[in-house]
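A.B. asks: For the record, the sequence lines run as chains A and B.
Numbering of the first sequence is given in this note's numbering, commencing with residue 1 and proceeding in unit increments.
Numbering of the second sequence is given in this note's numbering, commencing with residue 1 and proceeding in unit increments.
Derived by calculation from the structure, the hints in this document are not laboratory data.
On a predicted model such as this, the values are computed, not experimentally measured, just so you know.
Treat identical chains as interchangeable: a pair holds within one or across any two.
Lysine to aspartate or glutamate pairs mimicking DMTMM-like chemistry, simulated, CA-CA at most 25 Å apart:
hint, residue 1, residue 2
1, 283, 254
2, 441, 483
3, 441, 428
4, 64, 17
5, 283, 166
Number of protein chains: 2
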Amino acid sequence: MNGAESLVHTLLAGGVDTCFVNPGTSEMHFVAALDRIPGLRCVLALFEGVASGAADGYARLAGKPAGTLFHCGPGLANALANLHNARRAHSPVVNIVGDQATYHRPLDPPLTADTAGWARGVGGFVRTATSAGGVGADAAAAITAARTPPGQVATLILPADTAWGEGGIAATPDPPPPTPRASAAAVAEAARALRSGEPAVLLLGGAAAGEAGLAAAARIRAATGARPLVETFVGRIPRGRGRPAIGRVPYPIDAALAAFAGARHLVAVNAPPPVGFFAYPGKPGRLQPPDCAVHVLAGIGQDGPEALARLAEALRAPAAPPAAPRPLPEGPVRGAVGPEGVAAILARALPEDAIVVDESISYGRDLFASLAAAAPHDWLQLCGGAIGEGLPLATGAAIGAPGRRVIVLQGDGSAMYTLQSLWTQARERLDVTTILLANRKYAILLKEFAGVGAIPGPTAHGMMDLADPALDWPRLAGGMGVEAARAATLERFAELLDHANRRPGPFLIELMV
Amino acid sequence: MNGAESLVHTLLAGGVDTCFVNPGTSEMHFVAALDRIPGLRCVLALFEGVASGAADGYARLAGKPAGTLFHCGPGLANALANLHNARRAHSPVVNIVGDQATYHRPLDPPLTADTAGWARGVGGFVRTATSAGGVGADAAAAITAARTPPGQVATLILPADTAWGEGGIAATPDPPPPTPRASAAAVAEAARALRSGEPAVLLLGGAAAGEAGLAAAARIRAATGARPLVETFVGRIPRGRGRPAIGRVPYPIDAALAAFAGARHLVAVNAPPPVGFFAYPGKPGRLQPPDCAVHVLAGIGQDGPEALARLAEALRAPAAPPAAPRPLPEGPVRGAVGPEGVAAILARALPEDAIVVDESISYGRDLFASLAAAAPHDWLQLCGGAIGEGLPLATGAAIGAPGRRVIVLQGDGSAMYTLQSLWTQARERLDVTTILLANRKYAILLKEFAGVGAIPGPTAHGMMDLADPALDWPRLAGGMGVEAARAATLERFAELLDHANRRPGPFLIELMV
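One chain only, chain A, in its complex shape (with noise of 0.2 Å):
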């Protein structure tokens, strides 16, 4: 057994039993092995940002790791936006990335590059195998720790020696350590300053934005008047007819500080004390008024779900009632396309237990709470900010739950970044609805100029105009076998969405608005 056969019985055995991949010279015994050794699904992606922002999807859905393959060096640095957001939405990713031989990396060719370093800005697991026989337990390690709570990105990097190297040993991983548990000094901490009736906003992230946590949020709130909010961008969260309802903490700032505004306790839960996504002039970095107490009742790596119930426990927080019903938005659904008439049609068009991703950028920013009457569905967003991940979240999504349709929200600025991803989409035949949101500019660049206090000249307007020359998106989707079509109006746009939820495979609409 060579040491890319081990490390393939050793993904198998951990799980990980589908990889995004662009691979490259470096890579190719790690490929050999993987046609020897039945059992992982690789998907292709064209560029390595679509594999690594599919993989974040896939982690989020699958419930269990996603894979990577990257060539060496360069390979993991067009990789590293989206595994960047893969960090912060703490999605459980294994990068294998190939490497110059042990003994060729000193001499320096020209594709020598410090991988090593460029993987630690994502992640707190970077192993380099230094023997065929040691890359079995390496990947072994380097799985556990993808999986340890709240889920990390690990990255292992294989030189080409260590694959093609006899004396493989697959190993067997490591259970991951289980969810901490909040401490009962937190619980009754948190539970105080609830009790006090001093207004209160329960701040949820990550694994406490599901299911459970949201109920026990609904309970607590229901008993203390405690207002849950969920932070700007949320890994997944259920949403939907029959969800308790929930805010969002804005995006802009002076919103998000609004909405923290008067609160005397913050009880965090699986979330960071809330900041703004940027700093501004004159305005604080932290959204909580100086005088809110922060409680931590669950940190990050925290069993966030079970401290909420304990919590609801001990402040004898009744079941809450069942949600109450909601109406759909009002808005046309004929005319023109404007952000009322496209939250009318999207709430009713939702397919059953959709999957939402939302890269809607400053255009959709409503489109959260326009949707709690629609159709249960899952919300999915980039989480650490670096644009370009609609598509292949979708991508990645899709692969990660099977049957279920997804719709993305995104604009037409960020999907040129990973616009490859529609390629993959049509290759494996995935039910994604794009909902390609063409405003022809950078909108929140020029939103965010404005806020600078200037008007744009004909520099700043050239760097936030995209209309010169137009992307024509069904071209583009046709190009890579993605049949989409044109919407204008709003009767169009509910006819297209109409005509590509029933058909199988992907299908993208141009909404000018």
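Chain A is already provided as a structure; the job is to place chain B on it using the hints.
C.D. replies: Showing chain B alone in chain A's frame:
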């Protein structure tokens, strides 16, 4: 004057008047400063890897450093692969990378990443500004570093508050240190080696592969028989009619070893001793034979052309005779598309003073030699082996050398990494003809896989085959505003090539190979 304004003034004072940009929120004050201070041309790219590759291409042609502007963390990460190529090409590039405000970074908002750590992998100069007052001096140091022979990538990280803060002071960059001359001992040693009459190779890289270096090498060859060879991947080399004959180190390991077989002396000029691009089991890593003595005439940062001229004088080499006229390559110009026909058509159709960008990977390996009889041109390649630089390099080269036609020989697999380049070519109306060599597979990987001694099974084949779905390049190009057409015969290729080269602006030919 705020920090951002001092930065713009300093860039202009240092000759950095063209920036390839993809800004984000944390760069808005810099963007606003660009509006207020005229003189800096900003070229928008829809993905950072396009901008960094274009900066590399611009720097190779323009004779001055290229600027870039990237968003914090992941924005830089997306640029790294082509910055790696720029580093290996010794291209002077000054990166301006936004970042979280100094006082906000410790709060670790989601988009915080190890910006400086990632930058360190691509350049010797990485600095994070700490105050608005220091930004000018920091930028001046970055520019001087970028211009220090042989040229390098320099990165200045600009926390948002150092951009918006008042107290900026514009600076004038110091001139770079002069290029060091080779030592008299090195010239004497090389002269002794070549006078021995033993088989010798002159290995040229970097500046030594320019007009003057090639001329001196031709004199030395005429006087001693030493064979000049240029590195496998060369940043820029003048080629075509009237230029001295020179070989190139082949990429495949066996051919590369054969190119040095029998040599007793290797004289390296602006090139490291040659090594295999990758290691292969049972094959040596160094390309020269064990009994071949290596003589470094001029190191990477030394004045190679001057050293070659002194060596020619030491050898009393007469002026080289004019290059012998070479026949244009024979080959069909009608019928089925094959490498000989493509070479024959290209050699006849190449416009005078064209810039050829070669990312043809496996299909076009013989084109370097085949075009030696074509009209005079410059030949550019990616130097670090990070694929996906052809289209960006062409984009930057066209901006760095207006009035010259750029011809890109581009494999389809690698084109997909940075296809967003086409949009920038359309936006800037660049005279770029892209010849997209569509073989619908990762052909080089199939060759390398064969080298592993295996026949690809379904899993391996699925990672190297791009035919399902087939990419439709005319639609992809059209979707980004670039006119395009497909050629499936040689006569159609010749017709489209003629059409493309005569019209202003970009054109893409999908050549089915």
